[in-house]
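Engineer: In the order they appear, the protein sequences are chains A and B. full-length UniProt numbering puts the first sequence at residues 1 to 658. full-length UniProt numbering puts the second sequence at residues 1 to 600.
Since the hints were made in silico from the structure, they are not lab data. Since the model is a prediction, treat every value here as computed from it, not as a measurement. Errors might be hidden in some of the hints.
Stated by the list, open to error - Using 20 Å as the maximum straight-line C-alpha spacing, the simulated PhoX-like pairs for lysine-lysine come out as follows:
id	chain 1	residue 1	chain 2	residue 2
1	B	K224	B	K262
2	A	K193	B	K127
3	A	K20	A	K2
4	B	K131	A	K657
5	B	K280	A	K550
6	B	K115	A	K510
7	B	K280	A	K547
8	A	K354	B	K486
9	A	K547	B	K292
10	B	K500	A	K193
11	B	K274	B	K262
12	A	K532	B	K292
13	A	K582	B	K500
14	A	K354	B	K500
15	A	K20	B	K462
16	A	K515	A	K550
17	A	K532	A	K354
18	A	K354	B	K280
19	B	K424	A	K550
20	B	K462	A	K354
21	A	K354	B	K127
22	B	K500	A	K657
23	B	K262	A	K532
Here is how the chains run, residue by residue.
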Amino acid sequence: MKLYCLSGHPTLPCNVLKFKSTTIMLDCGLDMTSTLNFLPLPLVQSPRLSNLPGWSLKDGNAFLDKELKECSGHVFVDSVPEFCLPETELIDLSTVDVILISNYHCMMALPYITEHTGFTGTVYATEPTVQIGRLLMEELVNFIERVPKAQSASLWKNKDIQRLLPSPLKDAVEVSTWRRCYTMQEVNSALSKIQLVGYSQKIELFGAVQVTPLSSGYALGSSNWIIQSHYEKVSYVSGSSLLTTHPQPMDQASLKNSDVLVLTGLTQIPTANPDGMVGEFCSNLALTVRNGGNVLVPCYPSGVIYDLLECLYQYIDSAGLSNIPFYFISPVANSSLEFSQIFAEWLCHNKQTKVYLPEPPFPHAELIQTNKLKHYPSLHGDFSSDFRQPCVVFTGHPSLRFGDVVHFMELWGKSSLNTVIFTEPDFSYLEALAPYQPLAMKCIYCPIDTRLNFIQVSKLLKEVQPLHVVCPEQYTQPPPAQSHRMDLMIDCQPPAMSYRRAEVLALPFKRRYEKIEIMPELADSLVPMEIKPGISLATVSAVLHTKDNKHVLQPPPRPAQPAGGKKRKRGSDDIPDCKVLKPLLSGSIPVEQFVQALEKHGFSDIKVEDTAKGHIVLLQEAETLIQIEEDSTHIICDNDEMLRVRLRDLVLKFLQKF
Amino acid sequence: MPEIRVTPLGAGQDVGRSCILVSIGGKNVMLDCGMHMGFNDDRRFPDFSYITRNGRLTDFLDCVIISHFHLDHCGALPYFSEMVGYDGPIYMTHPTQAICPILLEDYRKIAVDKKGEANFFTSQMIKDCMKKVVAVHLHQTVQVDDELEIKAYYAGHVLGAAMFQIKVGSESVVYTGDYNMTPDRHLGAAWIDKCRPNLLITESTYATTIRDSKRCRERDFLKKVHEAVERGGKVLIPVFALGRAQELCILLETFWERMNLKAPIYFSTGLTEKANHYYKLFITWTNQKIRKTFVQRNMFEFKHIKAFDRAFADNPGPMVVFATPGMLHAGQSLQIFRKWAGNEKNMVIMPGYCVQGTVGHKILSGQRKLEMEGRQVLEVKMQVEYMSFSAHADAKGIMQLVGQAEPENVLLVHGEAKKMEFLKQKIEQEFRVNCYMPANGETVTLPTSPSIPVGISLGLLKREMAQGLLPDAKKPRLLHGTLIMKDSNFRLVSSEQALKELGLAEHQLRFTCRVHLHDPRKEQETALRVYSHLKSVLKDHCVQHLPDGSVTVESILIQAAAHSEDPGTKVLLVSWTYQDEELGSYLTSLLKKGLPQGAT
């Protein structure tokens, strides 16, 4: 069993597990941090961005100045932004049988895999994952496609040239494999290959392997996966949370007894407490607005935003913000808000109870009804006429490289009254802000990452006790910026096996058993005997049928009946089939009792001689000699089949068959 | 002999108070717990004393499963759990869990407040009963205990309706509840995989009906409503608050919109709005089309349909009123019916099945003079129409489901005996499986022969696979091994491994037979002659002549020796182990016949 590691990003994993006869891809994460190297895509032409100076080499050579621009000491690629794909060469992706998706953030590379690698398998994901994943992809495509950019830079990617560039461009990995965004058509085609599954649903793959999604507590419909056969179990943990937010709580118990637990998607900000961050978010927001400034919250259109809106719902009245408009701008804002209300079965208990009343589970329904929260597909249209300041705007993309957020950065960046609050943990906020420098607006960093931290991981591992842990290499050492924090790494026994991008790990499995079904007719014919107290044995001679990876034992065919007709008569003249197997024997023969038995069966003239290792029983009349030792019996006789069989049966009475 | 036993306490050759007991693999499961609309006495609830007369129900039942929220499937639940006493788990889907208590409360109100019944379950009992409910997702495998697992499939009958698979080891039963095999305006079609249960328990409401296309029925319905409204009549459509009502509302809403009609449409009682809200929140349980478009337009937000007030019934002019309950057996629909029955301009449309004893059933069977309470006789002059909109599978649909699931046996419930008989024959003919239709209290016993799962050591399995002469892995092969049974752990290993694991030594049993041959030649030559002879006879076996002069056939050793007394005779010593007995014994008999002349 092997694990092929196709992504180096610990929270956007993409691994391929070869398990028994199946090839299973675990998640399909897309590393979008690559876009931080690109200039933002403004909705309307920005004089500031278009007037940035071209970058030239130290020696003054300016042949790259069309592709690379400089802003406040940082160099950016002036091109359509590109994403860092999972490794596609390490393993032939057309051999992947199934793809298991754990949450909507971990499926963003799906169209690249399903549409361009010859993939013909099935993708499994929960309904909320698919619906919200679709919204995230739709938003992404929309952001990129609505500002067509003529230039697609490629010169800088040349290895010899890349070497000469300043950091971080110089250190960017696998730039030659970076790709532009997919199209909506590719998204639709990719999503059509998904089969919906529910938590705890057992899905059979080719009869050999069973996969089961489990609630992971991180997002709507987010799951961990169990991949198991009857004797082996792999748990795949990706993006899990033990905090009580809106999703159904994490199912930990089902992860028990794993041979291998693959652990990915831990919190990216292990030192920040999400609750504290939410508090800071609210107070900073209130402070800015009270001072007459605007608040910009770069965010994804689903996920933490639901929790933020819920907090604000409880907070705004007490903070005196009732008259401040909240805007949510995204091409999928409406869908996201609507979808969040219909996944009752995937929500935490409190929210489920509300649905039973029946009331919408999320209070943003009320915020919308009371006009406190307004949502728009984009800046254009209704928004411009409704727009009132000061206000709070939630919009994407959190990388600050495309989407409506670019416009707000340009619009509000010059005033120190305004604040941008970063809540999404996926992008370094300093890098995100780099192309907007110099900036007057306040920047607050309140990353809210509800995924497991190292304390929770260590508790979880103690609880579920996997035999082996496999994780990205980043988790086996403290974060580079906090190298003294030995508590910020996975600590388990035996030490976790770590992987990095493009590595293949052999998983420590010792497969020893396989399930087989004994048909009832065969089971009835078995004769168990108790060998030791509580342990019984039965010898089995049966016909093995194997079909669809399932093994069945059926009774052996009866010895052919000596039927007439055309059928060849099977008599003693036929050469026996050497495939007829006889059992092994065990035990020892007590000489005295054996002699008694011989006498009882009419043998006379029996002589017993002692030897070094045992005895020799002589049947003088029959000219037969039986050597009996602890672990062997040797019958030496004339060619008298009747006699031999009689002696054999007497010997067998003292032995056990296996 | 293991067996599966099924006893209907209700819905056996009948429609109403569905309640079926199933014993499988030593587990007892109760499927549905309904009430009967046709009775007002003890017979309205299943006779739970059948399960046990003095013990606690909890000790006899491992779980209860409710297929959907209709009262004939869940109406007796609070009585069963709170008044008779059951504390075990009750499984149902999320929408059923949400809606069921509302309908129960509604039912309770009619029984207690309107009919003044005493000794009925209370609101608190409904609440306590619902606390025992465990909600299940579609396709989720719920482990009731270590051995019993259940799984829900989409049934399409009403919001949240599910079919359930009940499984213990390799034995399983599927209970359909009520289901619909054709998607309608708001729900999808029932679906099940090829799960090959030992038994499929299916409803058979429309055992003999093959319904025409849905479109025709819809057009018919709209035409009738339209005509009645045009001539100034009032149209009463008795419905249950959830289910058909929503489908017909969607239908009328779009029709009114298209035809620009002005006559008011009302929906009775406060339940309606709430009901529609459930549909909005559980939209993932509706059909594909509604789910896809709900963001743009939620089909359950009606523009033309307004809440009904009791006073509206006397308003002049045409109107359409949806009123509960659906069989005209009580409540608002019956009140309105009595008001409007006398006018021939008016119309009542019965969109679903009515059980015997209800006013709905009476008027549908042509009765036009109804005896009401207090000996009052109500003359029905209004037009009475029947439209089958109830979302049950018709005969074709039932056959389709049987084909999908491929059960070994079929058992019919929730239908009329005569019609069941017909369907039973059809199923037995077409699928060549046994079909049963027990009456209430009658038990069907099916012997089963489950196979026994054991673990086989990979070494043994692979060895046997490698031994197959043909590379065809699918070809059956002979396997020999030892089954070690320790507690409930069964493992099949090679005999060698079994001996080793148990710390036992192998006992080798060897035979050596002397075969006398008349051959004056030297021993070596005799051996060579034996070799050539065996080589020519045993073409499929490995025959070898070893340097020391002995001959082997597979692992059987043959040595030639001189006879101590007779130089013209040689003695062949043929030696083999017990495991090679067949071949050894064959060789001795072969050699006994002597060697062919002329062989060198």
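Engineer: Run every hint past the structure and note whether it holds.
Structural biologist: Verification of the hints:
no.: 1; hint: B:K224 x B:K262; verdict: holds (16 Å)
no.: 2; hint: A:K193 x B:K127; verdict: violated (43 Å)
no.: 3; hint: A:K20 x A:K2; verdict: holds (10 Å)
no.: 4; hint: B:K131 x A:K657; verdict: violated (57 Å)
no.: 5; hint: B:K280 x A:K550; verdict: violated (44 Å)
no.: 6; hint: B:K115 x A:K510; verdict: violated (70 Å)
no.: 7; hint: B:K280 x A:K547; verdict: violated (46 Å)
no.: 8; hint: A:K354 x B:K486; verdict: violated (50 Å)
no.: 9; hint: A:K547 x B:K292; verdict: violated (40 Å)
no.: 10; hint: B:K500 x A:K193; verdict: violated (50 Å)
no.: 11; hint: B:K274 x B:K262; verdict: violated (25 Å)
no.: 12; hint: A:K532 x B:K292; verdict: violated (65 Å)
no.: 13; hint: A:K582 x B:K500; verdict: holds (18 Å)
no.: 14; hint: A:K354 x B:K500; verdict: violated (62 Å)
no.: 15; hint: A:K20 x B:K462; verdict: holds (14 Å)
no.: 16; hint: A:K515 x A:K550; verdict: holds (8 Å)
no.: 17; hint: A:K532 x A:K354; verdict: violated (59 Å)
no.: 18; hint: A:K354 x B:K280; verdict: holds (13 Å)
no.: 19; hint: B:K424 x A:K550; verdict: violated (34 Å)
no.: 20; hint: B:K462 x A:K354; verdict: violated (56 Å)
no.: 21; hint: A:K354 x B:K127; verdict: holds (16 Å)
no.: 22; hint: B:K500 x A:K657; verdict: holds (14 Å)
no.: 23; hint: B:K262 x A:K532; verdict: violated (88 Å)
Comparing the model with each earlier hint shows violations of hints 2, 4, 5, 6, 7, 8, 9, 10, 11, 12, 14, 17, 19, 20, 23; every other hint is respected.
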